[in-house]
Amino acid sequence: MVILGTWHGNRITISVRERERSLTVSTIWEGHLLTAAYEGGGRPRTFITQGTVYRRSLDGRMLAKWREGGRRQRRWLSQDEALEIEARGRALLQAVYADIQSGALRGNAELPPLGHTLFRRAIAWDEEKSRADANRYRQIYLPIGILPPDQYSAIVLQATLGCSFNTCTFCTFYRDRPFRIKSPEEFRQHAEAVKDFIGEGIYLRQGIFLGDANALVIPMKRLVPIMEIANEVFPSPWGSIGRKSDRAAVHLKTHTGAWGGIYAFLDGFSGEKKSPDDYAKLAALGLKRVYIGMESGHAPLLHFLHKPGEPEDVLHTVKAMKAGGVAVGVIVLIGAGGHFYAKAHVRDTIALINQMPLDSRDIIYFSELVVTEDMPYARDAAAADLKPLTHEECVEQERAIRAGLRFGESKPLISRYDIREFVY
Numbered sequence: 010m011v012i013l014g015t016w017h018g019n020r021i022t023i024s025v026r027e028r029e030r031s032l033t034v035s036t037i038w039e040g041h042l043l044t045a046a047y048e049g050g051g052r053p054r055t056f057i058t059q060g061t062v063y064r065r066s067l068d069g070r071m072l073a074k075w076r077e078g079g080r081r082q083r084r085w086l087s088q089d090e091a092l093e094i095e096a097r098g099r100a101l102l103q104a105v106y107a108d109i110q111s112g113a114l115r116g117n118a119e120l121p122p123l124g125h126t127l128f129r130r131a132i133a134w135d136e137e138k139s140r141a142d143a144n145r146y147r148q149i150y151l152p153i154g155i156l157p158p159d160q161y162s163a164i165v166l167q168a169t170l171g172c173s174f175n176t177c178t179f180c181t182f183y184r185d186r187p188f189r190i191k192s193p194e195e196f197r198q199h200a201e202a203v204k205d206f207i208g209e210g211i212y213l214r215q216g217i218f219l220g221d222a223n224a225l226v227i228p229m230k231r232l233v234p235i236m237e238i239a240n241e242v243f244p245s246p247w248g249s250i251g252r253k254s255d256r257a258a259v260h261l262k263t264h265t266g267a268w269g270g271i272y273a274f275l276d277g278f279s280g281e282k283k284s285p286d287d288y289a290k291l292a293a294l295g296l297k298r299v300y301i302g303m304e305s306g307h308a309p310l311l312h313f314l315h316k317p318g319e320p321e322d323v324l325h326t327v328k329a330m331k332a333g334g335v336a337v338g339v340i341v342l343i344g345a346g347g348h349f350y351a352k353a354h355v356r357d358t359i360a361l362i363n364q365m366p367l368d369s370r371d372i373i374y375f376s377e378l379v380v381t382e383d384m385p386y387a388r389d390a391a392a393a394d395l396k397p398l399t400h401e402e403c404v405e406q407e408r409a410i411r412a413g414l415r416f417g418e419s420k421p422l423i424s425r426y427d428i429r430e431f432v433y
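Numbering (my numbering), first residue to last: 10 to 433.
One thing to keep in mind: the hints can contain errors.
DSS-like mimics (lysine-lysine), calculated; alpha carbons at most 25 Å apart, straight line [to be verified]: (1) Lys191 x Lys290; (2) Lys204 x Lys191; (3) Lys396 x Lys352; (4) Lys282 x Lys230; (5) Lys282 x Lys331; (6) Lys282 x Lys352; (7) Lys290 x Lys331; (8) Lys420 x Lys331; (9) Lys328 x Lys420; (10) Lys191 x Lys328; (11) Lys230 x Lys328; (12) Lys230 x Lys191; (13) Lys396 x Lys230; (14) Lys138 x Lys230; (15) Lys138 x Lys204; (16) Lys290 x Lys352.
Derived by calculation from the structure, the hints in this document are not laboratory data.
Modelling step: build the complete structure from the supplied sequences, incorporating the hints.
Written as structure tokens, this is what we have:
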């Protein structure tokens, strides 16, 4: 339901979404347009004001994003800055709700009972509750490094910790933890804790993402029970919380496995160890798409990046997944290897992708290399005297690869992937 009205001489929009159990209020506040959005349990989600979007992560951090000089800018706020943004949204809601209760604010429709509940919960989300929520998150999760963009709204379940090889010089996400596969008992405890923590925020989440990196390297005998547990703990957003069981029953009849499906990362080298029959079994348990960090089709560049395996391994893995009924997300690293590898990177990446049986269920992501001082890649590139590509040259490299791709009538989605935009 969307309620439109006038508040203190300004337009106000109040959106109460029953299916997602979410609340959004947008109006002029303290001289500027402010949009504040909340989950069903009252947890802040997004704020928009003065051309800047603020996204709150479940760990309490907040990413600010804006455009300046035609380029996307971003930075993580300090905790005090994040809490101040939350306080501004809370003050807006308090003022709006007080006028709704007094009758001073009237719109084109009455606020429904769910709207009253959502207002009260969001207003109750004060600084103490926000800090406690962030602390609880850190008791449940180890830091989540990255997700594919189409999975930012998934619920992450850490079936593994770390990366099974952890050698890629351009990745620092999992350097702080050894690789470990959780037992079914430990995974169930983790999944139940995540479910309780997410609460009614589950209505804004879509599907399950099995983490950490390379989670599908888990042997089948251990992976099947883990996926069965994920299905049991998260059968559907309605069934898991006990709301509208009739709708949940219909939903479960039309979806295999956990609601929205199960998704995960896997490198091509490890992925080759599973057969099409294995992937068919996993598809029956709800596995919808697997994301493969192909990075490049040029073998010498993969070796320079310390990526295990060969380009052919990725091709074999993709074919096995597709034969088993599982979609794929292929990730290409733009700018890797600088000018020295640029031409071969474009040529061989085009050739490799064009051999893949991709269709409309699949995704190709182009991720521009982001180099930081703590990366082994920075050290290796300096030692090899590699000249890096500028952002504009990276854009051209992506265009060159796109121009060489050939598909049938059913084409995969092609999109950009900026790891700096990730907020869980």
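Hints, one by one, checked against the model:
{"no.": "1", "hint": "Lys191 x Lys290", "verdict": "holds, 21 Å"}
{"no.": "2", "hint": "Lys204 x Lys191", "verdict": "holds, 17 Å"}
{"no.": "3", "hint": "Lys396 x Lys352", "verdict": "holds, 13 Å"}
{"no.": "4", "hint": "Lys282 x Lys230", "verdict": "holds, 13 Å"}
{"no.": "5", "hint": "Lys282 x Lys331", "verdict": "holds, 15 Å"}
{"no.": "6", "hint": "Lys282 x Lys352", "verdict": "violated, 31 Å"}
{"no.": "7", "hint": "Lys290 x Lys331", "verdict": "holds, 13 Å"}
{"no.": "8", "hint": "Lys420 x Lys331", "verdict": "holds, 14 Å"}
{"no.": "9", "hint": "Lys328 x Lys420", "verdict": "holds, 16 Å"}
{"no.": "10", "hint": "Lys191 x Lys328", "verdict": "violated, 28 Å"}
{"no.": "11", "hint": "Lys230 x Lys328", "verdict": "holds, 22 Å"}
{"no.": "12", "hint": "Lys230 x Lys191", "verdict": "holds, 13 Å"}
{"no.": "13", "hint": "Lys396 x Lys230", "verdict": "violated, 46 Å"}
{"no.": "14", "hint": "Lys138 x Lys230", "verdict": "violated, 41 Å"}
{"no.": "15", "hint": "Lys138 x Lys204", "verdict": "holds, 18 Å"}
{"no.": "16", "hint": "Lys290 x Lys352", "verdict": "violated, 40 Å"}
Checked against the numbered hints listed earlier, the structure breaks hints 6, 10, 13, 14, 16; every other hint is satisfied.
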